[in-house]
Amino acid sequence: MEDEEATAVLKAVGRQIKAWREAAGMRQSEFGAAIGYGEEMVSSVERGRRVPQPEFLDKADEVLDADGKLSAMKKDVAEARYPKKVRDLANLEAEAVELGAYANHNMHGLLQTETYARSLFAMRRPAYTEDEIDRQVAARMARQSVFERVPAPLLTFVQEEVTLRRPIGGRMVLRQQLERLLEVGRLRHVEIQVMPTDREDHAGMGGPLQLLKLQDGKALGHSEGQLHSRLITDPKEVQIVEMRYGMIRAQALTPRESLTLVEKVLGET
Numbered sequence: 162m163e164d165e166e167a168t169a170v171l172k173a174v175g176r177q178i179k180a181w182r183e184a185a186g187m188r189q190s191e192f193g194a195a196i197g198y199g200e201e202m203v204s205s206v207e208r209g210r211r212v213p214q215p216e217f218l219d220k221a222d223e224v225l226d227a228d229g230k231l232s233a234m235k236k237d238v239a240e241a242r243y244p245k246k247v248r249d250l251a252n253l254e255a256e257a258v259e260l261g262a263y264a265n266h267n268m269h270g271l272l273q274t275e276t277y278a279r280s281l282f283a284m285r286r287p288a289y290t291e292d293e294i295d296r297q298v299a300a301r302m303a304r305q306s307v308f309e310r311v312p313a314p315l316l317t318f319v320q321e322e323v324t325l326r327r328p329i330g331g332r333m334v335l336r337q338q339l340e341r342l343l344e345v346g347r348l349r350h351v352e353i354q355v356m357p358t359d360r361e362d363h364a365g366m367g368g369p370l371q372l373l374k375l376q377d378g379k380a381l382g383h384s385e386g387q388l389h390s391r392l393i394t395d396p397k398e399v400q401i402v403e404m405r406y407g408m409i410r411a412q413a414l415t416p417r418e419s420l421t422l423v424e425k426v427l428g429e430t
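For my numbering, count along the sequence shown from 1 and bump the result up by 161.
These are computed hints drawn from the structure, not numbers from a lab. The reader is advised that the hints may include incorrect statements.
Below, computed lysine-lysine pairings styled on DSBU-like, alpha-carbon distance capped at 35 Å [what the hints assert, rightly or not]:
(1) Lys236 with Lys220
(2) Lys230 with Lys220
(3) Lys397 with Lys379
(4) Lys235 with Lys397
(5) Lys374 with Lys236
(6) Lys374 with Lys397
(7) Lys425 with Lys379
(8) Lys172 with Lys220
(9) Lys235 with Lys179
Computed spacing ranges between beta-carbons, pair by pair [as the list claims (entries may be wrong)]:
(10) Ala180 with Arg336: 49 to 59 Å
(11) Arg327 with Gly186: 26 to 36 Å
(12) Ser190 with Glu256: 41 to 51 Å
(13) Val311 with Gly186: 31 to 41 Å
(14) Glu201 with Leu392: 16 to 26 Å
(15) Pro357 with Glu223: 15 to 25 Å
(16) Glu216 with Ala184: 33 to 43 Å
(17) Gly331 with Leu375: 31 to 41 Å
(18) Ala255 with Gly186: 34 to 44 Å
(19) Phe308 with Leu392: 19 to 29 Å
(20) Gln214 with His363: 13 to 23 Å
(21) Asp249 with Ser190: 49 to 59 Å
We put the beta carbon where it would ideally sit given N, CA and C, even for glycine.
Kindly produce the complete structure, drawing on both the sequences and the hints.
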């Protein structure tokens, strides 16, 4: 795993599974056969080196008569699968009462369909393994629970026009993505705007950004770079992010004009 916190969670889960297995008087090979996994997989999970899938925990719980104690670890294990920077950002998004984001190369992560996200991670260089792609996609999809929160936060997005036309994953993936954009854009607590390519004045030339306002009134910024992402907490820097995002929204098409443009591009795709 990429960080100590996630490693500690997986080792704790592994120790619990081992304790229940030994209490049941089962060897690793017997236990693996009973739940449909190999001995090597069982060993790796018990040592905290492999992430147990939800089915692994459910079957282990059933075979070892753990009365739900092992199945209950699924949520902790799922969160441990996600990269630390994603977990940290997701936690902030879960606290936000207002979230704004500008994206210039692809659809913002909170707006992506699963197939679009998978296509995006598949083109990463150096290449991810299939397990890493699965992990990244699962983490990105989990963040989208922000749309279902009650009370609902105010969510605003500005997408560069090129992101509506760039066929990441192919034509059908793009069509599904544009349909998703229209679906989300019609939610009462969501506003999506498009920055036309022909705009002469553009406050977002510094790249993508995200602005979060928390329940306690604190504002934070978040920026993505080539190799690093950065949380912006200094009040003076956050003020600059707020100013830039406000200007970007003012320069972009209105939400209604933007959805009309998305519909037009969808019809052409």
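Do the hints match the structure? See the list:
For the proposed pair Lys236 and Lys220, the alpha carbon gap of about 16 Å is at most 35 Å, so the pair holds. This hinted pair checks out: Lys230 and Lys220 have alpha carbons roughly 12 Å apart, not beyond 35 Å. Between Lys397 and Lys379, the direct Cα distance comes to roughly 13 Å. Compliance with the 35 Å bound is thereby established for this hinted pair. With a C-alpha separation of about 41 Å, the suggested pairing of Lys235 with Lys397 is violated against the 35 Å cut-off.
Taking the CA atoms of Lys374 and Lys236, the gap is about 26 Å. The hint holds against a cut of 35 Å. Straight-line distance between C-alpha atoms of Lys374 and Lys397 comes to about 15 Å, which keeps the hinted pair within the 35 Å bound. Between Lys425 and Lys379 the CA atoms are separated by roughly 38 Å; this puts the pair beyond 35 Å, and the hint is violated. Annotation: proposed proximity of Lys172 to Lys220 holds, straight-line Cα distance about 19 Å (limit 35 Å).
Annotation: proposed proximity of Lys235 to Lys179 holds, straight-line Cα distance about 16 Å (limit 35 Å). For the pair Ala180 and Arg336, the beta carbons lie near 50 Å from each other, so the given range of 49 to 59 Å is met. For the hinted restraint 26 to 36 Å between Arg327 and Gly186, the CB-CB distance of approximately 58 Å leaves it violated. Checking the proposed 41 to 51 Å range against Ser190 and Glu256 shows it holds: the Cβ atoms sit about 46 Å from each other.
Checked against the given bound of 31 to 41 Å, the beta carbons of Val311 and Gly186, roughly 47 Å apart, lie outside it. Between Glu201 and Leu392 the beta carbons are some 39 Å apart, a value that contradicts the proposed interval 16 to 26 Å. Between Pro357 and Glu223 the CB atoms are about 56 Å apart, so this pair departs from the stated range of 15 to 25 Å. One distance hint, 33 to 43 Å for the beta-carbon pair Glu216 and Ala184, is violated here, with the actual separation near 22 Å.
Remark: the range hint 31 to 41 Å for Gly331 to Leu375 is upheld by a beta-carbon distance near 38 Å. Under the hint 34 to 44 Å, the C-beta atoms of Ala255 and Gly186, about 42 Å apart, fit the expected range. Against the hinted window of 19 to 29 Å, the Cβ-Cβ separation of Phe308 and Leu392 comes to about 22 Å, which satisfies the hint. Taking the beta carbon of each, Gln214 and His363 are about 45 Å apart, not inside 13 to 23 Å as hinted.
The hinted window of 49 to 59 Å between Asp249 and Ser190 is violated, with their beta carbons roughly 39 Å apart.
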